[in-house]
Amino acid sequence: GDGTEFVVRSDREDKKLAEDRISDEQVVKNELVRSDEVRDDNEDEVFEEAIGSENDEQEEEEDPKRELFESDDLPLVETLKSSMVEHEVEDFEEAVGDLDETSSNEGGVKDFTAVGESHGAGEAEFDVLATKMNGDKGEGGGGGSYDKVESSLDVVDTTENATSTNTNGSNLAAEHVGIENGKTHSFLGNGIASPKNKEVVAEVIPKDDGIEEPWNDGIEVDNWEERVDGIQTEQEVEEGEGTTENQFEKRTEEEVVEGEGTSKNLFEKQTEQDVVEGEGTSKDLFENGSVCMDSESEAERNGETGAAYTSNIVTNASGDNEVSSAVTSSPLEESSSGEKGETEGDSTCLKPEQHLASSPHSYPESTEVHSNSGSPGVTSREHKPVQSANGGHDVQSPQPNKELEKQQSSRVHVDPEITENSHVETEPEVVSSVSPTESRSNPAALPPARPAGLGRASPLLEPASRAPQQSRVNGNGSHNQFQQAEDSTTTEADEHDETREKLQLIRVKFLRLAHRLGQTPHNVVVAQVLYRLGLAEQLRGRNGSRVGAFSFDRASAMAEQLEAAGQDPLDFSCTIMVLGKSGVGKSATINSIFDEVKFCTDAFQMGTKRVQDVEGLVQGIKVRVIDTPGLLPSWSDQAKNEKILNSVKAFIKKNPPDIVLYLDRLDMQSRDSGDMPLLRTISDVFGPSIWFNAIVGLTHAASVPPDGPNGTASSYDMFVTQRSHVIQQAIRQAAGDMRLMNPVSLVENHSACRTNRAGQRVLPNGQVWKPHLLLLSFASKILAEANALLKLQDNIPGRPFAARSKAPPLPFLLSSLLQSRPQPKLPEQQYGDEEDEDDLEESSDSDEESEYDQLPPFKSLTKAQMATLSKSQKKQYLDEMEYREKLLMKKQMKEERKRRKMFKKFAAEIKDLPDGYSENVEEESGGPASVPVPMPDLSLPASFDSDNPTHRYRYLDSSNQWLVRPVLETHGWDHDIGYEGVNAERLFVVKEKIPISVSGQVTKDKKDANVQLEMASSVKHGEGKSTSLGFDMQTVGKELAYTLRSETRFNNFRRNKAAAGLSVTHLGDSVSAGLKVEDKFIASKWFRIVMSGGAMTSRGDFAYGGTLEAQLRDKDYPLGRFLTTLGLSVMDWHGDLAIGGNIQSQVPIGRSSNLIARANLNNRGAGQVSVRVNSSEQLQLAMVAIVPLFKKLLSYYYPQTQYGQ
Amino acid sequence: MGSLVREWVGFQQFPAATQEKLIEFFGKLKQKDMNSMTVLVLGKGGVGKSSTVNSLIGEQVVRVSPFQAEGLRPVMVSRTMGGFTINIIDTPGLVEAGYVNHQALELIKGFLVNRTIDVLLYVDRLDVYRVDELDKQVVIAITQTFGKEIWCKTLLVLTHAQFSPPDELSYETFSSKRSDSLLKTIRAGSKMRKQEFEDSAIAVVYAENSGRCSKNDKDEKALPNGEAWIPNLVKAITDVATNQRKAIHVDKKMVDGSYSDDKGKKLIPLIIGAQYLIVKMIQGAIRNDIKTSGKPL
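Protein chains in written order, with this note's numbering: chain A, 1 to 1205; chain B, 1 to 297.
Honestly, the hints are just simulated from the structure, not real lab data.
Backbone N, C-alpha and C fix where the C-beta goes; we use that ideal spot for every residue, glycine too.
Mixed in with the good hints, there may be bad ones.
Calculated cross-link-like contacts (lysine-lysine; reagent style DSS-like; alpha-carbon spacing at most 30 angstroms) [what the hints assert, rightly or not]: (1) A:Lys894 <-> A:Lys1004; (2) B:Lys265 <-> A:Lys609; (3) B:Lys191 <-> A:Lys1191.
Heads up, incomplete: computed chain A residues facing chain B, CB under 10 angstroms, no partners named [to be verified]: (4) Arg665; (5) Asp667; (6) Pro677; (7) Val704; (8) His750; (9) Ser751; (10) Thr1125; (11) Gly1127; (12) Gln1146; (13) Pro1148.
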């Protein structure tokens, strides 16, 4: 792994396997399981990603590649899979320091079968992956699907019952495999309970006479270990032979035993395989005290290839709840396990969740994760979110199974409480906690919410990958919220009936689409979509939990009927927009979709010059495709790209596409993040949301995979997987959304591409790509429709969880409330600010009043005279001068103050006089101001600029009542000219008593514009009491916040002033209210302290905060420059406590230097320290600049050293 | 220098037919008194430079991985056989995130100091349809770094040669079109005059590094047209090495010379002098003004 990515590969140096049946031609499939971190711990968000992969191969085409490539080296069978867990270290940064741990996080399932080559430095160890679930499956031919469906449904029911009835958490997972026409079929079932993995390996090699089965019969545990190690599924199909049927059944039963300390270990495995009869059964009984596992796996194989499917879900929620669900290949069930750390590091709590999948078919399902923070069982927050549930079990030891055993022996206790949680009905959950044995280095922690993974290569159907998108689209990114809301609205269940009907219609429509494309409901994508629809339904109404199976039957029956009747036109059309680099085959793909030449293509020239669209029927389904000119990859071409994309944007304005198909070549290894510029441009032009509905298409899918690291051939599937991973990753980055998981579809437009009997093009892995691609697109559209339907409901007024409603940023509002603002004053009091506070100093000042006058006369020297002085004399002179200056300033200040006081008194007297007189006074005083005078220069922060741009910001102070000023943003994007806006303010006086100040500010930088408007007025009433009322309007994010606030100040005491205030803010569609109390204590002339505290609430959400500010200043402030301030702030929101403190100190050093030190720190450990020294004296410092000059000069003299060898 | 010169073990792994041909070519070189030859391999990332090197040497000398860029710095592989030494310098890809990776080029140049490049293999893929701006920029960058003479010592290697061209195009048509468009780019990027370019006559060689490359009856890796490509490539290399043009010697001057900030540094004192004079002049003029107009305001 390099830096950011950690790839665990499994090498199989496994002796046994190696000898037995691994031949060079075997292909390894790797599955990547990727886990992402959930970003925000505080939010319970569940991300779901699952990847399922499916591999369908049809029997007929066994010799696919050979024809094409004419080489014998091609992998005959692609049944081998190995799963790799790939971690992205960066994602885990927060959570796990240890890679090993991280790797264990995800339960990766690993099967590997045979690896022809060793990856990665030939290490013998594999680090493995906990298995969550594996399903290995091939698609059976068309027949017999219904039987299976039903039976699996039954299974589901039983499981559900089991879980819901037994609170102790015994779950029975049954799996069911029905295989009718399999040729070979291997089947892997992994149940996962957190720490444990179960992996069953079945290996079947059909030979002429039968199957060799090394471990057919009951296996003892010891043996089991070894076998399991390399979990392998191998299938070889020999050509020209009749089909072999194998059936495997696997069952896993698990009981959860309650009680700590007890360990139960039952490990039974039975594998029966009867090749002759075509049936092989492996039974696995795993009983672990601690874990509940539900696993079903079913594998069917018809083709040479098995499909492997793994899905993992990692959920990460704020440490409290996590569910990771593992999915078995059997469609219906998912078991998820979540682990929680309990008080001790090693104890883990698993909370498997099962979801019923509404779709019956045996394909692997996507996994889903729900976070239920509200569930009672889950309260501990100790975990870091990103640890893995599966823990190290499998990992780190070459023999994963041993660990399994250990795990089995580990004590388990079940937490009955959890089963009682509110979600039981809809999602049976069993939580058990397991304390793993000491041998495990890392007790699992929580699995981060994201599973991921790529599916096994070909299929890439990755049904589950839709999950994240969907949740986003629905606006219920946090399920938590969603569920809560549901709880509160149980009574509204009736309303859902209508919705359900509509959903049902959508389902029927989709089944018909699938039917037309020749896909059975077993297809992974189909299953996935159905599952999601069912899930959505369940989420909608609590009583709808069992609707899934029922409505599927109905739907499929209806769909069949409608299709058979042939009437009732399908109301469906799909618009696909194709984007991609130049020359990847966009136009060619479109031609392939319609099976005719719609657009001409040219291998060497830019074939498509402008955006154009074409409409046509594919299998009777209306499809519209928008073709776009090719984009260019290099940075320098991005302007061109932008132009192209803007024209595309204009084109699609009227008729936006449902799906974006981003094409790239499978056989181009765009490493070095070469596509990044292009992807970013797309994101910039269309917005990152374009990726939410995007499918990645890999053209040239029939190309030969490149050689592996040591020159041996690598498998096609692995190649596809890796390649799609690279692109998905790039898209994630470009979209800035790490949850994104675009489904991948393969495309091959070459005319020489192998075809099946029906004339459809078939990829080397046996996939018929076109229906697949279309199905994916339609699935997206269908899901979008369903989302629209559900979203509609979300918006029912009065519901607090309306889509996209955001909680207002309470902390932000609170801190602006806590800010202490000066009250507006009457103009004649404007400069009296200080006075109030300085009252208490007054008396002491009077003594020194005449100090300046008492000084002996002093004659200032001219520059020439100064030059003649000696050093010490000069110093003395300057000191004296400084002292005098200080005194003078003091005196002036005092006089000023006195004058103001007099004026105040005078004004008070005037008020008693008739009005006319007072007006006169004002006019007089206003008269001389009518000539605009330049305002003092702004002080700019020190910079390294050669010139001082202050002059650019000069402005006049005119007599106009409106004071208009530029807004200078010193840290703005343009440091040269920092104007970013305009500020206008004005002070009115109403009834001569009530000052009203209005100020508005508009700033605009390259990114966004901000408006800020503030109106305030204050009224004095009673002695020392004043109330101010204010109205603010400002932009917060993209919205305007309107705030009405009022504050009352009590100035009754000299040393202590209190204030209390209220505020109401309207932001977006929410209203928040706040309350604050403030107290200012002036201890002495040089020390004062301001404390304030407040609370803000909105929609039942509270934030509390407080600030404290203490100031220590020089005795004769503002003349003395010494100043120290200490600030503390505390904010509590959602139980998340944020404490920050800062201290700043300004100390004069000598005459012309100043030291400013500043430090701040918050409770997250982030802080900053800065020390700055200003000096106007030490010119020598400038000499530092000479150093680099010298360096350069030196390099001329000793140049050779640079290139020393 | 640097890497060790080893006996060419991988040579034995070539099929007999290939070995014979190679020995013949090297023999020719020896006749011309060339006992060693240095081949520099350049190209964009992921086109198969390292794989080509491995194929040429017959061993897995450079680590190759399909999905990551392995080499971040140049690597020299030296093999000697019967007194003849071949040095092949593998380099990192020249394109990074949509830009030409000038840093990599600097590295390569630094690595090459005091070496002589006999042949440059410019590698690209055959099975790509378009030539874009980036290709041109790569060529320009190479030209700026090594001078345009380098193109006279260049061999265009197109990898992934075992591939079936898209519709209605024969393999020959496709490959000639593809190489033409690349050659055109090279000409444009190197700013060579037409005549000059034609004289240099950059040869094109096709290569297929995949382990799945089909083989001919002599067990040599062969192209779709039946030719064994490794001997072909070596032959082309020897041809270029022995063509009448001078090999490119990378010396310090070439390495340093292209620092733009060193260009014209001798002018610096002159300019300073000129500035001084101008300032003096202006000052004089101001004084003059002041004198003539009496007191300043």
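Evaluated hints:
1. Between the alpha carbons of Lys894 of chain A and Lys1004 of chain A the distance comes to roughly 43 angstroms, so the proposed pair goes past 30 angstroms and is violated.
2. Under the criterion of a C-alpha separation no larger than 30 angstroms, the hint pairing Lys265 of chain B with Lys609 of chain A is inconsistent with the structure, at around 48 angstroms.
3. Taking the CA atoms of Lys191 of chain B and Lys1191 of chain A, the gap is near 37 angstroms; set against the 30 angstroms cutoff, the hint is violated.
4. Hint on Arg665 of chain A holds. Least Cβ distance to chain B is approximately 8 angstroms, under the 10 angstroms limit.
5. Among the interface hints, the one on Asp667 of chain A holds; its C-beta lies about 7 angstroms from the nearest C-beta in chain B, closer than the 10 angstroms criterion.
6. Given hint, Pro677 of chain A at the interface with chain B, holds; its Cβ is 4 angstroms from that chain's nearest Cβ, closer than 10 angstroms.
7. Taking 10 angstroms as the C-beta contact cut-off toward chain B, the hint placing Val704 of chain A at the interface holds, the least distance being around 5 angstroms.
8. For the restraint placing His750 of chain A at the interface with chain B, the shortest Cβ-Cβ distance is roughly 6 angstroms, inside the 10 angstroms limit, so the hint holds.
9. Residue-level restraint check for Ser751 of chain A holds (minimum Cβ-Cβ distance to chain B is 5 angstroms; threshold 10 angstroms).
10. Among the interface hints, the one on Thr1125 of chain A is violated; its C-beta lies about 46 angstroms from the nearest C-beta in chain B, farther than the 10 angstroms criterion.
11. Here the hint on Gly1127 of chain A is broken, as its CB sits about 43 angstroms from the closest CB of chain B, past 10 angstroms.
12. Interface hint status for Gln1146 of chain A: violated, as the beta-carbon distance to the closest one in chain B is roughly 41 angstroms, over 10 angstroms.
13. The criterion of a C-beta within 10 angstroms of any C-beta in chain B is not met by Pro1148 of chain A, whose closest approach is roughly 38 angstroms, and the hint is violated.
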